[in-house]
Amino acid sequence: MTALLNHFRLASLPPEAEAFREEVKDFLASHMPDSPPDVRARSWMGFSAEFSRAMAERGWVGMTLPQEYGGASLNAFSRFVLVEELLVAGAPVSAHWIADRQSGPLILKYGTDAQRRFYLPKICAAQAFFCIGMSEPNSGSDLASVGTRATRTDKGWRLSGRKIWTTNAPRCQYMIALVRTSGKPEDRQRGLSQFIVDLSLPGVTIRPIRDLAGDAHFSEVFFDDVELADDALIGQEGGGWEQVTAELAFERSGPERLYSSIMLLDHWIDCLRRSGDAEAHVAVIGRFATHLATLRNMSVTVTSQLVQGASPVVEAALVKDIGTEFEQSIPAVIEAAIAADPLAVVDADLYRTVAYVSQVAPTYSLRGGTREILRGMIARGLGLR
Amino acid sequence: MFAEAIEEILKDQCTPAVVRAIEAGGSPAVLWNAISDAGFLELLASENDGGAALSLAELFPVLIALGGYAIPVPLAQSVAARALLADRMTIPEGMLTFAPGLRRLNDGRLVCPVVPFGTIADHVLAQDEGRLLLLPGASATRTATGVHGSMVATMSWQIDADSIHTDLAAGTLSAFGAALHAALLAGAMRRVFDMTLQYANDRSQFGKSIGKFQAIQHQISVMAEHVAASLIAAEAAFPAGVPTPPPLASAIAKARTSEAAVLVASISHAVHGAIGVTEEYDLQLLTRRLHEWRIAHGSEAHWNQIVGRSLLQSGQDRIVDFVRSASV
Ligand SMILES: Cc1cc2nc3c(=O)[nH]c(=O)nc-3n(C[C@H](O)[C@H](O)[C@H](O)COP(=O)(O)OP(=O)(O)OC[C@H]3O[C@@H](n4cnc5c(N)ncnc54)[C@H](O)[C@@H]3O)c2cc1C
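One line per chain: the protein sequences are D and U, in this order. Under UniProt numbering, the first residue of the first sequence carries the number 1, and numbering increases by one thereafter. Under UniProt numbering, the first residue of the second sequence carries the number 1, and numbering increases by one thereafter.
It cannot be assumed that every hint is accurate.
[To be verified] These stretches of chain U come out as covered by chain D in the derived footprint (C-beta under 8 Å, 3 or more residues): (1) 198-211; (2) 296-308; (3) 312-320.
[Claimed, not checked] Derived CB-CB ranges, DEER-like: (4) D:P342 - U:S325: 50 to 58 Å; (5) U:I295 - D:A332: 21 to 29 Å; (6) U:D12 - D:G383: 25 to 33 Å; (7) D:G383 - U:S325: 49 to 57 Å.
In short, the hints are calculated from the structure, not lab data. For each residue, glycine too, the CB sits at the ideal point set by N, CA and C.
Produce the entire structure from the sequences given, and follow the hints as far as they go.
See below:
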């Protein structure tokens, strides 16, 4: 009954992946923009087309895609190493992040030959950035209630409706949108399809939404009778739900879910070393290392399942949930620690970094599926529902 | 393979009734003899010495099984102790256990506080800086903790004249003790998890099984996360190819499993309701162990400091590089 727990046996990264790490470190040493820690702490949200293009020149955008499309045909172990190094350095990854992780693999799996030949080389060259149009004002956790609709015309499809929380919409060329092609919201999973929407088409309006930290990374996107060509449909008409479920497994399975606040943790330890106050916090530092070592091993294990061709959907949900808890504990603990003595002088960069990370940390357990939704998936995986 | 074989013996010989009897002061001889007659004391011994020559990685599943049966004898310790003593000194008969620490008092007495199985062990291995000591249980003063059902005792000796010693790299014994208890904890948590999941499916309230309630599902999902983390943390302390558990991986393993033990014990009891805390229900055999093993050889409060200090001394700028070096 608890077969799930048997899947958590130690695995390790192969030597090729570790050798690749040195290449990535060299690249970062010469290409990382010189920015302060509170900017680097925005890694997931940091947008730099120039940085993404430099990565693409190395073959590291869409690196798991086949070489015939411009990818590097590398496996998930190498991607693990790349993602780990990027996030630990606080690299601005958000331009190519979604296409690399989700849209590229989705097009490879469900696209037509023509779609693959058109989009994948652009993704691998960092010329096409993608966003994800799943959420709507009335469809958050309950994605099956999506109401944005595409109706058939003689030339293709006409798209109407509205998406929300779309990360990077103003800076992307394309959105992969989950929309209804038949039936009503009450029909739930039935009648949903996915479209690749060219965001430069007439009828598309994008309104950025500012967040609590003063950034504008997500947006509202309105579709007013947007005319789509026939080949905008990706995969099966009516197959949208199955496709989205597979895509979410990609979204949740990577090491991305451990490192959102790693920049802050490294900077704090660095400050403690410089001020000579580390000894007072030695158990707390040790606890972070204890947890990170374990979570990282869990994440490597899930990656090895992906490499073996399995689809570790529940395992990924489990690691994401416990991983985000770790990511969120970092700012909470450090915020308390820096203010334990109101008279102490706090490093200015550290102050700004912990403030930023504390403000956005709640999103770690929202994006990609909320804590409650993930725990429901684990319970289902355990046979409880 | 060995894990399945020992499970067969444990299923017959280490039943909850046997565990209760030994905890209540009954003789462990029947259980101990069944295990030693089957050759399980020699799992780590070389084939020349009639052993099974298991690697630590192969020993790990056996320890998980022992944890799941709330093993009431120092079997894990004896297997490890025999491997440590081989080639150093003659291995004595009987039950061997590890002392988590050793102090010398001014009057020359030796004290080993809170020794697991201190009430019944025939010999105690203790480490004093770079020396490994073999202390006879027969000449020890044993002071039981007085905790219900516990076999932990503080042991002391008048002088160390009748102990035998040999060299051993400082810290080896405490890393081994920590790693063994991390694996026992992970095994016990796994079993507690299975019992809890089963109970959630079996117990009905308000017309449906309690496992159908979302609040219960979420508690069990969280428990699964921490048990999975514990299993993988403990496994990392038992790599193939080294004779004793690596110090840093053992420290991480003991800290992570000890922390999880509290949460796993409390969620399992929450889901079980009142029946779980009764003497007659088997859950308590394991949850009492979770607390005892969390404390044995130092809790997470101790091991996290060791890990933290090791990180600060490593000179690594990035915590990720440090933790990678801990799990090779
Ligand atoms: C930084 C960020 C970036 C994002 N980027 C994108 C993007 O690019 N594209 C995109 O499509 N979306 C994006 N999202 C949206 C994200 O996927 C949603 O926020 C998420 O799915 C939750 O939906 P919601 O915010 O509407 O909350 P709701 O679904 O309204 O949930 C509110 C609360 O109710 C709980 N809840 C809901 N249903 C249940 C249930 N059945 N059982 C128990 N509890 C329940 C939730 O867990 C949550 O605690 C992003 C979100 C964030 C924060």
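Going through the hints against the structure:
1. Counting residues of the segment 198-211 of chain U whose beta carbon lies closer than 8 Å to any beta carbon of chain D gives 4, which meets the minimum of three for the stated coverage.
2. By the rule of at least three residues with a Cβ nearer than 8 Å to a Cβ of chain D, the coverage given for the segment 296-308 of chain U holds, with 8 such residues.
3. Check result for the segment 312-320 of chain U against chain D: holds, 5 residues qualifying (beta carbon to beta carbon below 8 Å, three or more required).
4. Range check, P342 (chain D) to S325 (chain U): Cβ separation about 37 Å, and the 50 to 58 Å hint is violated.
5. Between I295 (chain U) and A332 (chain D) the Cβ separation comes to about 27 Å, which falls inside the hinted range of 21 to 29 Å.
6. Checking the proposed 25 to 33 Å range against D12 (chain U) and G383 (chain D) shows it holds: the Cβ atoms sit about 29 Å from each other.
7. Evaluation of the 49 to 57 Å hint for G383 (chain D) and S325 (chain U) yields a failure: the beta carbon distance comes to about 38 Å.
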